[in-house]
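Enquirer: Sequence:
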Amino acid sequence: MICPRCGKDNPQGARFCMNCRYLLESEEDFQGDEKNSNLAKVIIGVEAVLLIALAVLFGVIGNSMTKPEKILENYWEAREEGDWNRVYDCLDVSDSEFLTRQMFVNAMRNRAGVDSWSMEGESEEGETKGFTVIYEDTAWDSGKPQEQVTTLVSKGRNWLFFQNWRVTVEDLIVRDVTFYLPAGSQLELNGQEVSMEGVSDENGTIELQVPQLFSGDYQIKVKKEGMETYQTNLTLGTDDQGFEYEVILRPSKKLETELVERSGAALQMILQNALSGKDFGTVSELFSETAIESGEVSEQYNEIKDIRSDGRIEGVTFFEIYELEGELSPDQTGVAGQVFMEMEGQGKKHYVSEFMGVLSQDISEGNLKLSFDFVEENGQWRLNSMPITEEDIRYI
-1 MICPRCGKDN PQGARFCMNC RYLLESEEDF QGDEKNSNLA KVIIGVEAVL LIALAVLFGV
59 IGNSMTKPEK ILENYWEARE EGDWNRVYDC LDVSDSEFLT RQMFVNAMRN RAGVDSWSME
119 GESEEGETKG FTVIYEDTAW DSGKPQEQVT TLVSKGRNWL FFQNWRVTVE DLIVRDVTFY
179 LPAGSQLELN GQEVSMEGVS DENGTIELQV PQLFSGDYQI KVKKEGMETY QTNLTLGTDD
239 QGFEYEVILR PSKKLETELV ERSGAALQMI LQNALSGKDF GTVSELFSET AIESGEVSEQ
299 YNEIKDIRSD GRIEGVTFFE IYELEGELSP DQTGVAGQVF MEMEGQGKKH YVSEFMGVLS
359 QDISEGNLKL SFDFVEENGQ WRLNSMPITE EDIRYI
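Residue numbering for the sequence shown follows the numbering used here, beginning at -1 and increasing consecutively.
These aren't lab readings, by the way, just hints derived from the structure by calculation.
Do not rely on the hints blindly, as some may be mistaken.
Said to hold, decoys possible - Derived DSS-like pairs: lysine-lysine, alpha-carbon spacing no greater than 25 Å straight-line:
(1) K251 x K219
(2) K127 x K65
(3) K221 x K276
(4) K251 x K303
(5) K367 x K346
(6) K221 x K252
(7) K303 x K276
(8) K6 x K68
(9) K367 x K347
(10) K367 x K252
(11) K346 x K276
(12) K251 x K221
(13) K251 x K367
(14) K303 x K347
(15) K303 x K219
(16) K219 x K252
Using the sequences plus the hints, can you model the full thing?
Expert: Here it is, written out as structure tokens:
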């Protein structure tokens, strides 16, 4: 074997040149390396073909799974099966307090799927596609064929390559729903507490505005301390845009009992202070700001003061009320934070009368029927009007 470096002829099979120690490469080694090189090229070629095939397959499968017609099919098949979780997966909806998956599933829980559906036409405008769908729903539309345009909008990309199509929620949304609730109450929709943060009250009523709700069935529950829990079922449809709902709470039995007791104590304080000549300011804490600002209750208080007597002139020296009982008035106004009570009891009046210049002490008794108007103010129940007047006392 000839050394390529120094030209020395070396024995066949020698690994190193006997003269310069150069590493000799046999023809077999060279041929082996050439074979390995060719094999590597073949492998690389096969891999390239496989990668191209996989890319084509990925494109075909990805396109078939994400094209708008497939999303439309998934959406309506899920509606046909009444699978509301799958329906939600197809929707273009931002997860918010009122548009959560659970809120949607709960609102649709009583609705069966559509009986059948078919696509009858389509249109396209930019990144939006509209499909005309004919469907039948015996549960809600008496089985008559209904036409609806289902709109899909492109929302970015799936796997970087394929458009992400989603169904718009316009056909499932009720906008601008307003609840009017008593101040200090808590609203629940389908068992989920609604945040009342930042909601202010006016005249004992709070106005809770909900920009968007899913159409469907809702169980409404309103709770407030001292009041009976309000609970009802409400169905909202897409034709209920701008829907308004007012809740009036009835006092609990416990609060009713407390208001009866408070009524008796308030009467006693008003009569005692007025008939002893004290100013209205000594009883003003019993009344609401609205009642005080009107000036009417102070005038009526002073009228009671004007008929008092110290025993030396005609007038009332003492007025006693006993066996006082009461209950909620059946004629409630329906105003949030306001309660009317009907009270009945016996009145005993001690008074001084004059006949032909002679003063005499007398007592008269009779039945009293009084109305109490309570309003909640800063968490306290206060009188919104004078419960007893000078005329009530005179007629006993």
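Enquirer: Hints first: check each against the structure and report whether it holds.
Expert: Results for each hint:
1. As the CA atoms of K251 and K219 are separated by approximately 19 Å, the hinted pair is consistent with the 25 Å bound.
2. With a CA separation close to 11 Å, the supplied pair K127 and K65 stays within the 25 Å bound.
3. A threshold of 25 Å between alpha carbons decides the hint, and for K221 with K276 the separation of about 41 Å lies outside it, so the pair is violated.
4. This hinted pair does not check out: K251 and K303 have alpha carbons roughly 35 Å apart, beyond 25 Å.
5. Taken as a hint, the K367 and K346 pair is honoured in the structure, with Cα atoms around 13 Å apart against an allowance of 25 Å.
6. Under the criterion of a C-alpha separation no larger than 25 Å, the hint pairing K221 with K252 is consistent with the structure, at around 15 Å.
7. Restraint check: the Cα-Cα separation between K303 and K276 comes to about 8 Å, which is no more than 25 Å; the hinted pair holds.
8. A hinted pair counts as satisfied when its Cα atoms are at most 25 Å apart, and K6 with K68 does not qualify at roughly 77 Å.
9. Only pairs whose Cα atoms come within 25 Å are accepted, and K367 paired with K347 is accepted, the gap being roughly 15 Å.
10. For a cut-off of 25 Å, the pair hint linking K367 to K252 stands: about 23 Å separates their Cα positions.
11. Restraint check: the Cα-Cα separation between K346 and K276 comes to about 21 Å, which is no more than 25 Å; the hinted pair holds.
12. Proximity of K251 to K221 is assessed by CA-CA distance (about 15 Å); at most 25 Å being required, the pair is judged to hold.
13. Between K251 and K367 the alpha-carbon distance is near 21 Å, which keeps this suggested pair within the 25 Å criterion.
14. Taking the CA atoms of K303 and K347, the gap is about 14 Å. The hint holds against a cut of 25 Å.
15. Distance hint between K303 and K219 is unfulfilled; the C-alpha atoms sit about 47 Å from each other, more than 25 Å.
16. Our distance criterion of 25 Å between C-alpha atoms is met by K219 and K252, whose separation comes to about 20 Å.
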